[in-house]
Each structure stands twice: as structure tokens, then as C-alpha cells.
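Trainee: For the protein sequence lines, the chains are A and B, in the order given.
Start counting the first sequence at 1; every next residue gets the next number (the working numbering).
Start counting the second sequence at 301; every next residue gets the next number (the working numbering).
Rather than coming from a laboratory, the hints here were simulated on the basis of the structure.
Cβ coordinates follow ideal geometry from the N, Cα and C atoms, glycine included.
Fair warning: there could be bad hints in the mix.
[As the list claims (entries may be wrong)] Taking CB as the label site, the calculated pair distances span:
id, chain 1, residue 1, chain 2, residue 2, range
1, A, 46, B, 401, 47 to 53 angstroms
2, A, 275, B, 386, 36 to 42 angstroms
3, A, 86, B, 383, 53 to 59 angstroms
4, A, 225, B, 401, 36 to 42 angstroms
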Amino acid sequence: MYDVLIIGAGTAGLTAAIYTMRAGKTACVIESNMYGGQIVNSPAVENYPGFASISGYDYANQLYEQAKGCGADYVTDNITSVYRGASSFTAIGASGKYEGRTLILATGAKRRKMGVAGEDAFSGKGVSYCATCDGMFFREKDVAVLGGGNTAFDDALFLSNYCNSVTILHRRDGFRGEAAKLASLKERENVRFITDVTVDEITGDAKVSAIHYTDKKTGEKKELSVDGVFVAIGQEPDTAFLADVVELDASGYIVAGEDCETNVEGIYAAGDCRTKKIRQLTTAAADGTVAALAAVTYID
Amino acid sequence: MASLAVNKDNFEAEVLKSEVPVLVDFWASWCGPCRMLGPIVEEISEERSDIKVFKVDVDANQDLAAKYGVMSIPFVALFKGGEVAKSSVGAVPKSELLALLD
Numbered sequence: 001m002y003d004v005l006i007i008g009a010g011t012a013g014l015t016a017a018i019y020t021m022r023a024g025k026t027a028c029v030i031e032s033n034m035y036g037g038q039i040v041n042s043p044a045v046e047n048y049p050g051f052a053s054i055s056g057y058d059y060a061n062q063l064y065e066q067a068k069g070c071g072a073d074y075v076t077d078n079i080t081s082v083y084r085g086a087s088s089f090t091a092i093g094a095s096g097k098y099e100g101r102t103l104i105l106a107t108g109a110k111r112r113k114m115g116v117a118g119e120d121a122f123s124g125k126g127v128s129y130c131a132t133c134d135g136m137f138f139r140e141k142d143v144a145v146l147g148g149g150n151t152a153f154d155d156a157l158f159l160s161n162y163c164n165s166v167t168i169l170h171r172r173d174g175f176r177g178e179a180a181k182l183a184s185l186k187e188r189e190n191v192r193f194i195t196d197v198t199v200d201e202i203t204g205d206a207k208v209s210a211i212h213y214t215d216k217k218t219g220e221k222k223e224l225s226v227d228g229v230f231v232a233i234g235q236e237p238d239t240a241f242l243a244d245v246v247e248l249d250a251s252g253y254i255v256a257g258e259d260c261e262t263n264v265e266g267i268y269a270a271g272d273c274r275t276k277k278i279r280q281l282t283t284a285a286a287d288g289t290v291a292a293l294a295a296v297t298y299i300d
Numbered sequence: 301m302a303s304l305a306v307n308k309d310n311f312e313a314e315v316l317k318s319e320v321p322v323l324v325d326f327w328a329s330w331c332g333p334c335r336m337l338g339p340i341v342e343e344i345s346e347e348r349s350d351i352k353v354f355k356v357d358v359d360a361n362q363d364l365a366a367k368y369g370v371m372s373i374p375f376v377a378l379f380k381g382g383e384v385a386k387s388s389v390g391a392v393p394k395s396e397l398l399a400l401l402d
């Protein structure tokens, strides 16, 4: 039995591990994927105090080594359910069972999916959730960006440097993204906008060849030939398996304040999976700290 | 350990004409998830003598990446008899890469 069981090895989870170990307790971090979380996709992190510029990969590796160096255990497993015992919690994964006196949920968030036909089938074959990762494969090609917020604008700006054309498809007439970004997009000759539409389907053969949508005003069904579709409609937390364990808000975020305490005593939420306004590396690290010290106090 | 790099000049001889299955990791130096996956691919290379393991730098070999429809990296493909038999996209755990070999 560990003092603190941590689900998720992004910035919040690994920071929690460091603070737990330094407080003289035991910690195990369980991660379903690779450690590091979303920041691994960032070519350069330039807003983390103390580092003028560091790649997401280097940052993640250093954080992981630091947590391991403090003596934290690390396991790769996909946790599918969590049970509450009399004085402990059990997390059940695909390959094992883990017990902790307290639990820190640091499962993070990921890009939200559209939920349209063809999206999953063409994932990695033209459908992408990371423009900076996959953009270079669409040099001189025609792509669509789905969304109307800053993520969509950033993706479109980045892609317009390489692609033949970038079409932003958005479900509303107006945009949520910053006006300055919208203005620079409008200046680019290869960027165009199609607004007030519903995306119906992504089609192709071995790879994406078209996106199908409906004009909400006229009801007219249309098709746009594209080689790539970049989905940028925001994020969603990785918390589906926790619905029966802790209180989630309507979007699936774990309800907890700055003290990271959930509605269940002994369970804490840290990082992007928690209800909060700002989701940054610094706030994830802060959450990991607060949650770990709260867990330690709870045990004592 | 020996370099695992292949390029367009030796891809046919090393991968397509190989008598044993070949695991090929399409990657790039700027791709964080690729660098996370790299050590795992190298581990598999050392552990499995029944297959060959190679890495393709997509920046230097854009034609190879295009030929095999690579649109997201890391992209790991298992070649059998000159064809892609199975593939995986993203920085997946080792167990998922090993599952390609089953």
C-alpha cells in the first residue's frame, strides 16, 4: 500500500510525486501512455519560470527523472476503475491493482474529438489533433481546420505557412479566438473561412480526401476536397472512468477548488483535469504541490 | 549499439527485401513524442533477434514518408514481405509496439 497513489504522469502528477517523496511518504505514479503529458508535443516551452526556453520533451524528461530520483515508483497501466475501501483506495488497471491511502487524480486533458463519421478511421491518415506535430506532412496540400477559438487560429496560422490552402470551418458565425489572430489570418491569401456549418463526415479511401458539411442557414449539403483535417475544438478531461468516484462538472472536469480537494475525503484533483480557469504548466505544478501536501497532511 | 537509421538508398535492401519482419520507426528530431518512443524502439531492437528494427528520419526522407502514407509521427510500421502488415501512430506504451509483432 502506498501513501499516495497518483494517476497521471504529466506536470501535476509528477510534481505531486516529488512533494510526496520529499515529505517522507511513498508514492506511485500510474500512467497509461508515456510520461510528460501534453507538453511533450511542444517544440519550445518559453513561459516556465527558470527556463528561458526548453523543449517539451526535455522538460518532461527532466521532471520524470527528478520524480524517479526522489524515489517515486512509476507504473505503465491504464486505470479503468477506482474503488473506495474503509481506509484506502484501490485503482484497477489492465495489468494490475494498486492500493493507496490517498489518491491524487492528475489525468489531464486532451484534444476534444468531433464525434463525426470517419474521424477515428482516418486518425493518423489525414485527421490530426496536433498541427505542430503533423503539419509538415501537409506541405503544399489543402487542409481544413475545425474550430473557432485560439487553438484553431494558432493551428491555422501555423499550417498556412506550409499548406496550399487552409479552410477554417466553424459552427457559428462569430469566433471566440482573439481578434488579433483573426486579423492576421484574414491577411493570408491561402486562408479562407466557412462559418455557421455543421460537419457531417470525413471521407476518403486510404487517407482523407474530403470533408462533408451542412450550411446551417440554407440546409444545403456541401463537400470540400481536403488532404487533412485538423480538429481544434478545445479540450476534454480524461475522467470518464471517474464518473462514479468523484463529482464531475457538465464537461467532465473534476470539481475541486484551489485546495484540490474533491467531494471525497482523501481524493485530490490536480492539473488540467480539475475545474479551473487557467491551465498552464505553472498551474499544474502548483496543483501537484498543493494536492501532495494536502494528502500528506490527511495521512498524518 | 549499431545505428538503426535507414534511408531511401538502403530501404529496399534492408526493409522491403528482408527475410524477417522489420519494425520501422518514422520519426523526426523536432517531434517530442518521437523522442519519447525512441528508447523503447531501441530496447525492442536489442531484445528481439527474430526481427529487424530501423528508424527513418522523415525530414531527410520525405519521399519514403509520403510513399507509406505517413501523416502523423511517431509512426511505427511492421513490414512483412515488403508490405506494411500493421502500424501504430503516436507515443504508445511498449506493450502496444510489441503487439504489432504478435
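Trainee: Compare the structure with each hint and give your call.
Mentor: Results for each hint:
{"no.": "1", "hint": "A:46 <-> B:401: 47 to 53 angstroms", "in the structure": "40 angstroms, violated"}
{"no.": "2", "hint": "A:275 <-> B:386: 36 to 42 angstroms", "in the structure": "40 angstroms, holds"}
{"no.": "3", "hint": "A:86 <-> B:383: 53 to 59 angstroms", "in the structure": "56 angstroms, holds"}
{"no.": "4", "hint": "A:225 <-> B:401: 36 to 42 angstroms", "in the structure": "37 angstroms, holds"}
Of the numbered hints given earlier, the model fails hint 1 alone.
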